[in-house]
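With the hints as extra help, turn the sequences into a complete structure.
Residue numbers (the UniProt record's numbering), protein chains in the order written: chain A, 1 to 661; chain B, 1 to 661.
The hints are simulated quantities; they were obtained by calculation from the structure and are not laboratory data. Take the hints with a grain of salt, since some may be wrong.
Claimed, not checked - When the alpha-carbon atoms are kept at most 25 Å apart in a straight line, the in silico DSS-like pairs for lysine-lysine are as follows:
1. B:Lys351 with B:Lys245
2. A:Lys596 with B:Lys460
3. B:Lys163 with A:Lys474
4. B:Lys470 with A:Lys474
Said to hold, decoys possible - Some chain A residues close to chain B (C-beta under 10 Å, calculated; not the full set):
5. Ile478
6. Ile558
7. Ser559
8. Lys560
9. Thr564
In this text the structure is predicted, and so the values were computed from the model without any measurement. All C-beta atoms in this analysis are idealised placements derived from N, C-alpha and C, irrespective of residue type, glycine included.
Chain by chain, the residues run as shown.
2 protein chains.
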Amino acid sequence: MGITSLLGSGVYTAAYPLHDGDINEESAEPNDRKLLYEEWANYSVFYKYQPIGLVRKYFGEKIGLYFAWLGLYTQMLIPASLVGVIVFLYGCATVDDNIPSMEICHPRNNITMCPLCDRVCSYWKLSTACGTARASHLFDNPATVFFSIFMALWAAMFMEHWKRRQMRLNYEWDLTGFEDEEVSDSQIKNNRLPAYMTNIVMMLLMIGVTFAIVFGVILYRISTKAALHMSSNPTTRNNVQLTVKTTAAIINLVVILILDEVYGAVARWLTVLEVPKTDKSFEERLIFKTFILKFFNAFTPIIYIAFFRGRLVGRPGSYLYVFESYRMEECAHGGCLMELCIQLSITMLGKQLIQNNLFEIGVPKLKKLIRYIRSKQGAFQEEERQKKLQRYETDHFLEPFAGLTPEYMEMMIQFGFVTLFVASFPLAPLFALLNNIIEIRLDAKKFVTELRRPVAARAKDIGIWYNILKGVAKVAVIINAFVISFTSDFIPRMVYQYMYSPDGTMHGFVNHTLSYFNVSHFQDGKETMDPLHLGYRVEICRYKDYREPPWSDTPYEISKEFWTVLAVRLAFVIVFQNVVMLMSDIVDWLIPDIPKDISLQIHKEKILLVDLFMKEEQGKIHILESRPSTGGKENCSRSNNNNSTVAHPRSGLHTNSTKSF
Amino acid sequence: MGITSLLGSGVYTAAYPLHDGDINEESAEPNDRKLLYEEWANYSVFYKYQPIGLVRKYFGEKIGLYFAWLGLYTQMLIPASLVGVIVFLYGCATVDDNIPSMEICHPRNNITMCPLCDRVCSYWKLSTACGTARASHLFDNPATVFFSIFMALWAAMFMEHWKRRQMRLNYEWDLTGFEDEEVSDSQIKNNRLPAYMTNIVMMLLMIGVTFAIVFGVILYRISTKAALHMSSNPTTRNNVQLTVKTTAAIINLVVILILDEVYGAVARWLTVLEVPKTDKSFEERLIFKTFILKFFNAFTPIIYIAFFRGRLVGRPGSYLYVFESYRMEECAHGGCLMELCIQLSITMLGKQLIQNNLFEIGVPKLKKLIRYIRSKQGAFQEEERQKKLQRYETDHFLEPFAGLTPEYMEMMIQFGFVTLFVASFPLAPLFALLNNIIEIRLDAKKFVTELRRPVAARAKDIGIWYNILKGVAKVAVIINAFVISFTSDFIPRMVYQYMYSPDGTMHGFVNHTLSYFNVSHFQDGKETMDPLHLGYRVEICRYKDYREPPWSDTPYEISKEFWTVLAVRLAFVIVFQNVVMLMSDIVDWLIPDIPKDISLQIHKEKILLVDLFMKEEQGKIHILESRPSTGGKENCSRSNNNNSTVAHPRSGLHTNSTKSF
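As structure tokens, then:
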């Protein structure tokens, strides 16, 4: 309390533990900091295990656990990336055997498609979508179904392995008996309901802002596309798709990066409003809120592309319009999976490169520079200064430690990218792995060289982060189920092959997924201005949907095929979700939480301890009988009157005492 | 080890702790057994809380926990039964407003239905199904959807409350530091694979036997129905349905009761084969296997009725036949929900009445009688004998204690009935409640008067039973989702009302669910022998299915409506399952595992303890300084050299010592 109030009243400007010594100095005695710098905070040792024991010794258990967790996560990403790369390569290898894309690309294919926008767009040949169709196959093949099941089990395995690793570290670091309980006696219960209400309203508002921005980007895309289509410059018109997609993705990324900072501040403000009773409770509430906001921020655009885009377009002759003039956007032929994949890679790589590397390396360097300039000693030579200054002075130039929350948060969002949409992006684990190999050493460098030494804190586990991981893994199962069944064409292909195909092959699938439209049914003012674009008069054009043809009794009604495919899609979601959940539960159940050797070791120590207590008791009785010394006796019997429970000793305390013998 | 080997070699016939005294004796000093008999093992105190403290004192923690659990479960059943009864009453009250059953019962309704069996059955009027349609409404109305969501949350609440109660009992019974760890050092790992294989094969075989028996009962039902239909006696023919259903349900019940015993033995044999390393592991494996087998045994016939019956019948003109002559059975009009309900109530009530009451009361009485006769002292007068005999002799006449497994097992199966199919049987909680009110006192009576006093065993929790409860609660969510969407007519009604109804009401629903069949399309030899049964020539008959009419392009094909309804059904399952799982997680998260007052209390005790340790240390230093006595000093410092961890004390040991001050 003393130092805190002195800091608060400005008597001291800062209080921090000192670093062990200098890193670069060629001093005679090697110190822990130097050792860490050489053996840990160094890119050249990236393939080695981290010296977690030393990290814990120097920075405390809490930071040690973070690096242990990050290490295990990175290690577990290796098999995931391997399988992901194999799945991707499988897609590449089978792209030429894929009948639907072969049919689209076939030169004799002359299916005329309906215009993609009103008036300015014209009819087009399906064969021009050949490239997209082939590319889609890379991410939309049966192997991705296998991969998303694999990744769900991988997530379960990861959680289990972490539990075991944590248990082992707890044992090795003598934490088995430690519990960081914080109980507040204060009963401030009044005036908290308004705070809760503000919280909920604000959280919903923030999520609403995210939605609004996503909607704004959609509007931007639609309107820009329409504007560019009308451009007289043919080059512009040809590059419409690319221009719009790229700029929209960049806008999305920039918005995500900005909102991430805003949401961090909002979450902190909201948590302060709530007046949590303890520091731990404050931290947990803050983390929870920040996570929810950042999660929505990162994943809303992706969820829109995966599940809503291209589904709310209406049909030719009766399109859906936003603000009565903009037609809702469609996906390129081959489903939205390709676009999802592009968006995912841009967001993930962009976030990692900009947020992690630029912000994490650049900003601390900048801050250090500013602090250096401000301290009026810029005139001194760097080396000279270092020699002259005391340890506490050198450390004062370093950035203060701001907690592990940003580091963990970044990893949680990354874990989301790795698990949530893995069905559509099998390379995500590989990107994550590459990022994390750098991340570990980057964080290490930051902790060893850029930050003031943090106050060592004890911790038994990674706390609320474990629950967040578990939550993400749970959500991942259902999202992957929906991606496979709704975003990819996996189910329509299956349904066609087993229910509609005349010869049991995929031949004719493309034709089956396209409905017919009679161009005379276009609304007035919506028909294309350039009907002879393809060189002939079009009477029937095709569009991707399951609807009745113009010549049926109920033209353009949703067809039986649509409902069949929908039913199979939903059935797949149920089967996938429950099978994967069951398998995860089995993994959870098969892998014991405490490693066998650790539990044996703990058990043996307990037996040793009981023996010791027994001997001690006997020895005491012996001494008491032989030489009665009142003062000492009373004291001993008081401190040992828990002998009735000796047969069932508790680990913590005793483990420590046993070890010290 | 000593007494066990003496028992094994037959030197002693039995070893058991003695009861406190006689119950009926008008002795001067009241003993605990008598107190328990009066205040606990007595039907007249059924409305009171159990004296759990006394139960624990007399029988030990393990049995105390069982009764505490049973008490909480019974208590939690009260709100569940109340809501269940209200839901049932809602069904009763709205039965006259139910448009579909009104339409069926309407005198002007003259829909002609297709025959229910080949040749001997004839066409029938839908209005004759009026009674069943009205009865179905009792269990198939929107309130049951609400009720199954309610019961899923109820199950989550129950688990949470039990965790809290257990924590409280742990604190009150000084078990916070106790851990019943059993670690075996023996590394017998060879020769276990064959045992595991035998296990899996046998388990599958046993489950196969269950399936075979269920199938046998189906065959019995089909063939008996066919035989009785051909009977010349008109009374027999009229009572066909009732006779067949009742006998089949009784056969099912008897088979379940017999197989329950067989499976118990099989599970034990299989577990012995596995050679588990510790007693605890043996018990857990045995319980797990027994539960799986008994669960399948109890629920397979019910699952068949709920999800398969009436779904594999084919259609008129192309029925599905078993062994080429027996047509698969259909459900009565109004879905299989009614039959499911009948089967559920018969199985549940039958199991409870016969297994619990008859077996639990009758068999021990019988055994006691046999032992009494065998002991050659039957000539003595009962009272005289009691007076003459020593305590250990009287107790020897009692049944030995055989573990809590059967008691728990029975409750788990009951919990299954209460949660798994609650959507179709809202009165299940009420039946369970009535049974349990008796069960508590019955078990109490058994423990106090019929059994030898069990060896008191310590336990911190109810062990594997908690996991089983959790598993049942999980399975319940998905089964209820399927019952609502597939067994009940809830979804077809919704789909009709919002998609097909011309005026947005339920009028016309019955007609919509019936397909048309042209009787000239019956296969040869399958048409009815009595075509003029209704008094007129039938050309088109109706059957319950969504198929194209004979006059469509694709007659008798599955129609678009079928796929629409199926898609909505599956969507409902997904939404229901995920919403309920989310809500259960929220309940789990909102209710803290440790009651507030207990955690405060534990915290306070810890602070007290730290103070005490500090004072003691100071006192010791004082003593050592003032009067150096080598022997005592050395001893004290050794027994207190864990002072380095005093700042982080662990509950167990210290809680005990604090309390004894």
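Going through the hints against the structure:
{"no.": "1", "hint": "B:Lys351 with B:Lys245", "verdict": "holds (18 Å)"}
{"no.": "2", "hint": "A:Lys596 with B:Lys460", "verdict": "holds (22 Å)"}
{"no.": "3", "hint": "B:Lys163 with A:Lys474", "verdict": "holds (23 Å)"}
{"no.": "4", "hint": "B:Lys470 with A:Lys474", "verdict": "holds (17 Å)"}
{"no.": "5", "hint": "Ile478", "verdict": "holds (6 Å)"}
{"no.": "6", "hint": "Ile558", "verdict": "holds (9 Å)"}
{"no.": "7", "hint": "Ser559", "verdict": "holds (8 Å)"}
{"no.": "8", "hint": "Lys560", "verdict": "holds (4 Å)"}
{"no.": "9", "hint": "Thr564", "verdict": "holds (5 Å)"}
Against the hints set out earlier in the document, no violation occurs for any number.
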